[in-house]
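The working numbering numbers the first residue of the sequence shown as 1 and each following residue consecutively.
Where hints are given, some of them may not hold.
Claimed, not checked - Simulated pairs of lysine-lysine, DSS-like, Cα-Cα distance not exceeding 25 Å:
1. 120 / 149
2. 149 / 46
3. 149 / 237
4. 131 / 46
5. 149 / 121
Keep in mind the hints are simulated off the structure, nothing from the lab.
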Amino acid sequence: MHARKDSLPASILASIRSRKKRLDAAYTETRPRSAGTLIASYNVHKCIGTDRRFDPERTSRVIHEIGADVIALQEADTRFGERTGILDLGRLERETGLIPVPVAGMAKAHGWHGNVVLFKKGLVHDVHQVKLPGLEPRGALVAEIELEKGGVLRIIAAHFGLLRHSRAQQARMLVELINNRHEMPTILLGDLNEWRLGDRSSLNTFQSAFGPLPPAVPSFPAGLPLLALDRIIANRKGIISEVEAHDTPLARIASDHLPIKALIDLEPVPG
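Hey, can you work out the whole structure from these sequences and the hints?
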């Protein structure tokens, strides 16, 4: 008799089996913060939690919990009609020091197609709004930020579509953009909506620009993360530490996605 093979990828099974241990242990937010620049990505789901309540203040508290130096948000604006920002960015800046990367032509919206990049300290040198191809209104926000701790980092904050064909087009477009400007350390982060692996996955497209991708970190659904829809990847080896989910009681209910985060080190890795 043959043993039954697991139907879920080993990384997902390992995440499920170890989750209780992680939740029972003291969480990262109670431990001293490691040195470095903390970067994060968070699909805030228009501030609608898993309890179906619209609660921007709760979303802001999760962002405060994360304590990121740079954070990319997705779905931070209303989607239909005139886009309008949902969060109280003024209060968020007062409480966390995070300020939004300026986006041209967005009178009431926070960002570009729902994408917002916020940072604590540094200088913004360049910002581009990229309309991604596909049937849904999707976009990416590209910002070059001179970090207070040294070095210039290109951030590409993106939210990919739900359709496989659209994701493939969107990935190719961003890789072309990166290949044309490969001289700068670059971080791609956001909700890439890609749960597939193998030849049909849009993630394969990124390997030409980013090399082997970091291990998948399940972030969706927030209550019991099974799918690694959210990603943080870099075009240089050694720039980012191990990516992890920000898995707290508040984060599990504030959105249908958990935030993910990693530390950045722009010091060159010895060859």
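Taking the hints in turn, this is what the structure says about them:
Taking the CA atoms of residue 120 and residue 149, the gap is about 11 Å. The hint holds against a cut of 25 Å. In summary, the hint linking residue 149 to residue 46 is not supported, as the alpha carbons are separated by about 32 Å, beyond the 25 Å threshold. In summary, the hint linking residue 149 to residue 237 is supported, as the alpha carbons are separated by about 19 Å, within the 25 Å threshold. Restraint check for residue 131 and residue 46: the C-alpha separation of about 20 Å stays at or below 25 Å, so the hint holds.
Between residue 149 and residue 121, the direct Cα distance comes to roughly 9 Å. Compliance with the 25 Å bound is thereby established for this hinted pair.
When each numbered hint is compared with the structure, a violation occurs for hint 2 only.
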